[in-house]
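For reference, the chains in residue letters:
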Amino acid sequence: MPRVAVVRFPGSNCDFDALRAAESAGADAYFVWHREADLRGADVVVLPGGFSYGDYLRVGAIARFSPVMQAVQRHAAAGGPVLGICNGFQILCEAHLLPGALLRNAGLSFVSKPVDVIVEQIDTAFTCDYEPEERLRLPVAHGDGRFVAAPDTLRMLEAEGRVVLRYVAATERSPFQPNPNGSANHIAGICNAGGNVVGIMPHPERAADRLLGLTGGTGFFSSMISSHQESSN
Amino acid sequence: MTFRVHVRVMPRAGLLDPQGQAVEHALSALGFEEAGAVRVGRAIELDVDAGSRDEAEARARLMCDKLLANPVTEDYLLDVETDRCPG
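So the sequences go chain by chain: R and G. The working numbering puts the first residue of the first sequence at 32, with every later residue one more than the last. The working numbering puts the first residue of the second sequence at 601, with every later residue one more than the last.
Calculated directly from the structure, the hints in this document are not laboratory data. Careful, some of the hints might be misleading.
Said to hold, decoys possible - Simulated restraints, written as ranges between beta carbons of each label pair: (1) R:D69 to G:D679: 39 to 45 Å; (2) G:D679 to R:S257: 31 to 37 Å; (3) R:P209 to G:G620: 40 to 46 Å.
Unchecked claim - So the derived list for chain G, only partly shown, Cβ under 10 Å to chain R, looks like this: (4) L615; (5) P618; (6) A622; (7) S628; (8) S652; (9) L668; (10) T673.
Since the model is a prediction, treat every value here as computed from it, not as a measurement. Just so it is clear, CB atoms sit at the ideal spot from N, CA and C, and this is done for glycine as well.
Make the full structure from the sequences, and use the hints.
Take a look at the structure:
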């Protein structure tokens with residue numbers, strides 16, 4: 032059973048959802064406060080959504096300097112899996128664990144609705160239970176979700192298969208809900224070169240229980256279990 | 601010595617600036633049709649203790665590179681006041 036640390040910052044607000052989704056998948060999940068310097072033997076780290084430090088200066092900019100982030104940096108450098116969801120993705124970019132940045136949505140509005148995404152990379156600790164090119168409906172809830180990166184970086188991400196989730200293109204007709212924020216290349220999630228650090232804007236933890244209406248997000252949490260079993264064998 | 605440093609952080613040219621666009625539309629709606637190419641950034645002011653103006657500027661530059669601006673999406677301009685702050 033993998034030990035899953037859910038890091039809480041002041042302003043995290045999807046922490047309980049992430050903890051419960053990990054527990055439901057069969058993980059030994061627990062909270063780690065941002066001032067702690069130790070991840071207490073975590074196999075997997077989740078940086079949940081929310082508005083850490085009130086999004087002051089830039090989204091994720093201050094959370095990056097929390098004591099716990101040094102432990103997260105070491106965990107990631109050692110190849111340990113890290114999943115950043117929404118604000119967690121923004122923090123991973125600010126911490127340079129992932130390239131690029133997330134800026135204000137092109138439409139300026141906070142967008143809170145289900146969107147359709149395609150799982151483009153299943154060779155990660157968080158997507159291995161999905162089928163290649165599987166289409167998921169997941170909720171987004173963000174004001175700053177427009178992924179941007181230098182043209183060279185975008186080319187590298189595409190060439191190396193590091194786009195993990197992609198919004199359905201806006202040109203496609205309904206019933207699909209397209210790119211909600213103007214992200215470059217319709218990117219909804221990426222991973223680092225090692226594939227162990229993944230950042231996504233949609234919220235799989237809000238789509239991981241039948242009571243919540245959507246269940247497409249369960250694969251992110253079951254993948255944590257599957258990949259842990261595989262690496263332990 | 602204490603130096604007052606003014607930092608202007610702007611979205612990098614060429615990046616979509618939806619806030620700037622919205623302000624431009626609002627100006628146009630108010631009748632200011634002569635306004636164009638509006639960009640919205642951020643201004644930060646701080647006191648820096650340093651031995652010289654050059655040192656204050658170098659330290660402030662480091663602060664910008666490490667925290668105050670995001671090198672992926674933003675450019676910044678620094679202005680260090682020559683006069684020492686009172687006190």
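Inset, instruction - List, from low to high, the hint numbers that the structure doesn't satisfy. - result: Of the numbered hints given earlier, those the structure breaks are 2, 3, 7 and 8, listed in rising order.
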